[in-house]
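Undergrad: Chain A is already provided as a structure; the job is to place chains B and C on it using the hints.
Protein chains in written order, with my numbering: chain A, 1 to 144; chain B, 1 to 144; chain C, 1 to 144.
Note that these hints are calculated values from the structure, not bench results.
You may find that some hints are simply not true.
Said to hold, decoys possible - Calculated cross-link-like contacts (lysine to any residue; reagent style SDA-like; alpha-carbon spacing at most 20 Å):
# : chain 1 : residue 1 : chain 2 : residue 2
1 : B       : K127      : C       : R2
2 : B       : K57       : C       : K16
3 : A       : K16       : C       : P135
4 : A       : K16       : A       : D66
As the list claims (entries may be wrong) - Reference listing, derived: stretches of chain B covered by chain A, where coverage requires no fewer than 3 residues with Cβ under 8 Å from a Cβ of chain A:
# : region
5 : 5-19
6 : 56-64
7 : 76-82
8 : 130-143
To be verified - With the C-beta cut set under 10 Å, the calculated list includes, among others, these residues of chain A facing chain C:
#  : residue
9  : A5
10 : T23
11 : D53
12 : D94
13 : S110
Built from N, CA and C at the ideal position, the CB exists for glycine as well.
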Amino acid sequence: MRYSAIEDGYMVYVEKNERIMDTLTEFCLGMDVQNAQLSGIGAVKGIELGAYDVASKEYIRQHFEDTWELVSYQGNVTLKDGRPFIHAHVTISDHSMRTRGGHLFEATVSAVGEFFLRRVDSSVHRKLDEDIGLPTWCTTDHKE
Amino acid sequence: MRYSAIEDGYMVYVEKNERIMDTLTEFCLGMDVQNAQLSGIGAVKGIELGAYDVASKEYIRQHFEDTWELVSYQGNVTLKDGRPFIHAHVTISDHSMRTRGGHLFEATVSAVGEFFLRRVDSSVHRKLDEDIGLPTWCTTDHKE
Amino acid sequence: MRYSAIEDGYMVYVEKNERIMDTLTEFCLGMDVQNAQLSGIGAVKGIELGAYDVASKEYIRQHFEDTWELVSYQGNVTLKDGRPFIHAHVTISDHSMRTRGGHLFEATVSAVGEFFLRRVDSSVHRKLDEDIGLPTWCTTDHKE
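Chain A extracted, bound-state conformation (with noise of 0.2 Å):
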């Protein structure tokens, strides 16, 4: 992977044949990112999907072996056991330009993976909610 500093984070390229979830986690582990902001877009194989049964609080996954436009990755970077970890969001295309998506559980880049992290000053962090199934966001503040 390679990247290059910016005023609030990095520009990331992850490379052909590098896995973009475990490259990102280990740049947001060295780099001490606690909270952050990812996007971006590139092309990707191997590439395993789910989706949330709000119901048996399980995910249905699926896995698409064949390279696919990524067009969209939405995630964020927040505290999970103390350690940086990134939920994300995608959606993929293929050579007919149909498109899938979901939460992404890992890709590899085919070609290109473009990425913007930008740094977050905060501390959100993560705690299993038993109503849902799933660790979520814990923030400072609380809204009716």
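TA: Same frame as chain A, but now just chains B and C:
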């Protein structure tokens, strides 16, 4: 809803069973947010999408009752009749990772709603454009 | 096109019948924008999408003549041959809320085009990567 203030805005967590557009608009009102950039991900239900028909100058509407992943939410806050107004477009995906998208009228959080609201130091407001049939951005500068 | 300057960039309104990629590229040239993050929503027509074929190293192209909602536009500005170059991916939706997506070659605004351009204080440029067949990001740092 819960939130944490960040340098240039807020990380906003819209809670289960809260309506996204209502909640974020109320938040902007309470925090005196006049111009902002919004983005986010989550899982939603009771989704009302629209597609603008440029000929009839009316929105075609479609309702999605079940839970879908909110794979992309992009929007902006501007002033309309002196009040903060959110214009947002979304992509959603179902349990087969199939996607739908459009203008977002409203959606209710079914699991989580994780948003970044970045304040913008501007005063872009909306005024009805008769030709288009929609209130469009009034900006300070114009270029041919 | 119309715009308002903001602290770290511009809110850019691409007007009806203006071409998005041409207009935004010209704007970057005029404003001396070398690196930036772009995002936006709107309604577009005459859309030329692409999917990169990693084997043949060529884009497969598809044209969409009618109006579609621009539900997601994500891109970046970097220097290519010394000039600002926009790389953008989009998701579009039709009147049935069905979506398509891909690399955006060009699209013309059919109703509105609302964009955020955030300047980035960097000098990432593109150089042809023979292996990939595309001009890719040259950054300042590299990590294994």
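Undergrad: Next, verify each hint and record whether it holds.
TA: So, going through the hints one by one against the coordinates:
Proximity of K127 (chain B) to R2 (chain C) is assessed by CA-CA distance (about 14 Å); at most 20 Å being required, the pair is judged to hold. This hinted pair checks out: K57 (chain B) and K16 (chain C) have alpha carbons roughly 14 Å apart, not beyond 20 Å. Between the alpha carbons of K16 (chain A) and P135 (chain C) the distance comes to roughly 13 Å, so the proposed pair stays at or under 20 Å and holds. For the hint pairing K16 (chain A) with D66 (chain A), the CA-to-CA distance comes to about 14 Å; that is within 20 Å, so the pair holds.
Check result for the region 5-19 of chain B against chain A: holds, 6 residues qualifying (beta carbon to beta carbon below 8 Å, three or more required). For the region 56-64 of chain B, the stated coverage by chain A is not satisfied: 0 residues place a CB nearer than 8 Å to a CB of that chain, which falls below the threshold of 3. Judged by the Cβ-Cβ criterion of 8 Å, the region 76-82 of chain B is not covered by chain A as claimed, because only 0 of its residues qualify and three are needed. Only residues whose beta carbon comes within less than 8 Å of a beta carbon in chain A count, and the region 130-143 of chain B has 0; fewer than three means the coverage is violated.
The interface hint given for A5 (chain A) is met, as the beta carbon of that residue sits about 7 Å from the closest beta carbon of chain C, less than 10 Å. For T23 (chain A), the shortest C-beta to C-beta distance to chain C is roughly 9 Å, which falls under 10 Å, so the interface hint holds. At about 22 Å, the closest approach between the beta carbon of D53 (chain A) and any beta carbon in chain C exceeds 10 Å, and the interface hint on this residue is violated. With 10 Å as the threshold, the beta carbon of D94 (chain A) comes within range of chain C, its nearest partner Cβ sitting at about 7 Å, so the hint holds.
Satisfaction of the interface hint for S110 (chain A) is found here, the shortest Cβ-Cβ separation to chain C being roughly 6 Å, below the 10 Å cut-off.
Of the numbered hints given earlier, the model fails hints 6, 7, 8 and 11; all others are met.
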